[in-house]
Amino acid sequence: MNKNVENKQPLTGTEELSLNDDRRVRTLSPGALVVRRFLRNRVAVTGLVILILMALFSFAGGLITPYKEDQLFYSTTEQRKQYAAVKENTEYRYVTASKDSFPSVAQAKFVLARKTGKEIFEAKKVTYTCVDEGNDVYIIYKEGEESPVAFATYDIVSSSTGEEEVPFLLQCEIIRASAEGKDGFVYEGDTYEVTEDGAVLSEGTEIAYVSRYVVQPIMGDVFLSRGFKDALIESVQADDAEFSYTDEDGTEAVYDITYDPANQSYKVLQTVETRVFDTYHSPTKEHWLGTDKNGMDMLTRLMYGGRVSLYIGFIVVIIETLLGVLLGGLSGYCGGWVDNLIMRIVDIFYCIPSMPIIIILGAAMDAMRVDPQVRMIYLMLILGFLGWPSIARLVRGQILTLREQEFMTAAEACGIRASRRIFRHLIPNVIPQLIVSMTMSLGSTILTEATLSFLGLGVKFPFASWGNIINDVNDTYVLTNYWFIWIPAGFCLLATVLAFNLVGDGLRDAFDPKMKR
Amino acid sequence: MKKFILKRLLISAVILVFVAFLIYVLMRCLPTSYLEQVARQKSMTPGSKSFDEWMAQLSATYGMDKGIIPGFLSWCGRAIRGDFGDSWKWTVPVVEKFKDCIWISFIMGAISLLLEIVIAIPLGIIAATKQYSRTDYAITVIALACFSLPTFFFASLMKLVFSVKLGWFDLGGLIGRNYEQLSAAGKFADKAHHLVLPIITLVVINIGYLMRYTRTNMLEVLNADYIRTARAKGLSERRVIYHHAFRNTLIPLVTMLGSSLPGLFAGALITETLYSIPGIGFVSYQSMVAGDIPFSMFYLVFLAILTLLGNLLSDILYAVVDPRVRIE
Chain U
1 MNKNVENKQP LTGTEELSLN DDRRVRTLSP GALVVRRFLR NRVAVTGLVI LILMALFSFA
61 GGLITPYKED QLFYSTTEQR KQYAAVKENT EYRYVTASKD SFPSVAQAKF VLARKTGKEI
121 FEAKKVTYTC VDEGNDVYII YKEGEESPVA FATYDIVSSS TGEEEVPFLL QCEIIRASAE
181 GKDGFVYEGD TYEVTEDGAV LSEGTEIAYV SRYVVQPIMG DVFLSRGFKD ALIESVQADD
241 AEFSYTDEDG TEAVYDITYD PANQSYKVLQ TVETRVFDTY HSPTKEHWLG TDKNGMDMLT
301 RLMYGGRVSL YIGFIVVIIE TLLGVLLGGL SGYCGGWVDN LIMRIVDIFY CIPSMPIIII
361 LGAAMDAMRV DPQVRMIYLM LILGFLGWPS IARLVRGQIL TLREQEFMTA AEACGIRASR
421 RIFRHLIPNV IPQLIVSMTM SLGSTILTEA TLSFLGLGVK FPFASWGNII NDVNDTYVLT
481 NYWFIWIPAG FCLLATVLAF NLVGDGLRDA FDPKMKR
Chain R
1 MKKFILKRLL ISAVILVFVA FLIYVLMRCL PTSYLEQVAR QKSMTPGSKS FDEWMAQLSA
61 TYGMDKGIIP GFLSWCGRAI RGDFGDSWKW TVPVVEKFKD CIWISFIMGA ISLLLEIVIA
121 IPLGIIAATK QYSRTDYAIT VIALACFSLP TFFFASLMKL VFSVKLGWFD LGGLIGRNYE
181 QLSAAGKFAD KAHHLVLPII TLVVINIGYL MRYTRTNMLE VLNADYIRTA RAKGLSERRV
241 IYHHAFRNTL IPLVTMLGSS LPGLFAGALI TETLYSIPGI GFVSYQSMVA GDIPFSMFYL
301 VFLAILTLLG NLLSDILYAV VDPRVRIE
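Chains U and R are the protein sequences, given in the same order.
107 is the number that my numbering gives to position 107 of the first sequence; each next residue is one higher, with no gaps.
47 is the number that my numbering gives to position 47 of the second sequence; each next residue is one higher, with no gaps.
If you are wondering where the hints come from, they were derived from the structure by calculation, not from laboratory data.
Keep in mind that a hint or two might mislead.
Claimed, not checked - Just some of the chain U residues that point at chain R, by a computed CB distance under 7 Å: (1) Ile348; (2) Ile352; (3) Pro353; (4) Pro356; (5) Ile360; (6) Leu447; (7) Ala450.
What the hints assert, rightly or not - To be clear about the criterion: a stretch of chain R counts as covered by chain U if any three or more of its residues have a C-beta under 8 Å from a C-beta of chain U, and this derived list gives those stretches: (8) 21–27; (9) 46–55; (10) 143–150; (11) 154–165; (12) 296–310.
The beta carbon of each residue, even a glycine, is placed where N, CA and C say it ideally should be.
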């Protein structure tokens, strides 16, 4: 308003102002003067601009970025995985009718009987008879029972369908047929065919096959088809190092075969594309600053980290200012024993080494496995609670000097009540100092929080903070090779803290009416 | 004067007792500690007592079974006689471990303080005499940047540039790999070589404050009436600044530096930890993280004593250096 009036007057020129007319002088409110002085300080304005940019980066950036704070990214790499194992069977395998029908003691007795050529042997007071079917196939009967309890052979009957096991008695028949070289048999009224390569057909479809090789999948969810097994066994017999197989869908895959002498088996390794976390990826078009060790987008983490750092800074400063103004104000205004008590408390707090205390508390929270979100709140409370004494001292000092000044005496003389005197006349005069110290302590709080997070004792994963982003640098490999992980976060931190300090410095100068310029 | 010092000492002692009590309560209230860890380990061994029994036995051994107030009183009683107990982590008496590691911290602190004085005070004076010039802006921004610099970030940058890229220094530690084979002079040189980066870091981190402090105080003096008088007398600008103004700036400077002397023994927790220098800061960091109560207790109380000593020194020095201040 004042400015408008002042500008118009000379233009119209209707009125000659007298020399001591107030309107000849540009009058500005104290607030406007402060703003003008602040804006004239180029360094401080630069600081303000940096702060605005940082706030935009952290708060608006989080909205613009296409990724979420804890979104994971994957990449595919080629990994050699164990796919199957092949073993040639060189020992008798016992297939039993039910789980306990041919115990291991009886198996041992059977081997002894085989060596001495006996056909009847006894184990655990049960007598067994073994019938030699030729071709190393033995079928074992319990005395007094008609159906066999087990059979022993080098060959293995496996189901072709991969669904259920072939019933014991059917297996028995298959083995007997293949041992005798028959090309068919009848079991429970059905006719089965046995081909030369060991396949068992029922009504033209293959249901099982007989083989001396054990082929087992290593991964749980893989079923190996008959064709695959046959092809594999062929390659193993031919001592191939590589083996390729085209499955029914027509996709061809190449496998490596290695012999493992330890357990005399062949291992089949498949080279597969595997999805892994895209860790420490260099900057690309999608990820401007690459990805971090968890495969998260670095730029997004940086934005959210800025939010956390700023939030913590502001909340801590609000807590410590409230406490400081309340206690400092009480102390300064009341005086006497209240003042004495509060100031001694301040003295005690001054002596408490805050950094070590926070480190101890952080380590304790680590041990208690405090939830990261709760932990962040504790961190703010601790920092705020340790930070108030300096503000209390400042407020008290200010109030002590202001209390003695004439305007306070005048206020008292006017009969203004005490609460109004404090809040309308005393506190507004403390505010400039308070704003300066708040700005400065915002910077230092952010720094403290970052240091703690860097040591792993502050903000924890999954939350990002500039400090815990730089934490990765503790790994020398990251320090050496992945600059994009820690240097941007460091510069953000430096820029923000520096900007707070510049603004605080500029405000101090601007608030000081004695300053020249 | 004597009476003043005596009174201040008494107040400091009372404050110290309160601080020690607060710290003791905090340490005792921690939900977990080194003891629990040890008890858990011992109860894991086959045929051992249960965790609770071990815990009870260890607590009794280390005097942790008493209530907080009797425990504190007995701690005080022993601490006054200089017995701070045995460190749990380092398994030696606390005082012995302290003697091992304090000197390296002190040397680091002293050298960096000297360097700071040599660099910061002239720069601060230049900035003040050329207020609002380009030089002043540059120095102000550098000073603010120095104390806005996160220690860990700066140390990492230094390591990247000087240790990794240029290979001039080791990444951390106080002694090199072949330390044992070196001659006495070689050992000294090796240690000095390992201290270069930590000292540079300390200087850069701390220099900003001293620079600002010098500038502010110099400005205040330059605005004083006697400087105007000196100029009015026609003295050369050199003489005005270095003879009249600087001597008066020395009053707050000496007070501030004097009161920071006890702090030299406090060690640099972050810097030492980052460079793995086995000084008091790094050692106590490890103790604190491990929950070693005797050592942490000692370190925290030690820091409180240093702070109180610093305050006391600053009051006394203020009176000694400035003849205008009289203490009745």
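TODO: Please write out, lowest number first, the hints stated earlier that are contradicted by the structure.
DONE: Number 9 only.
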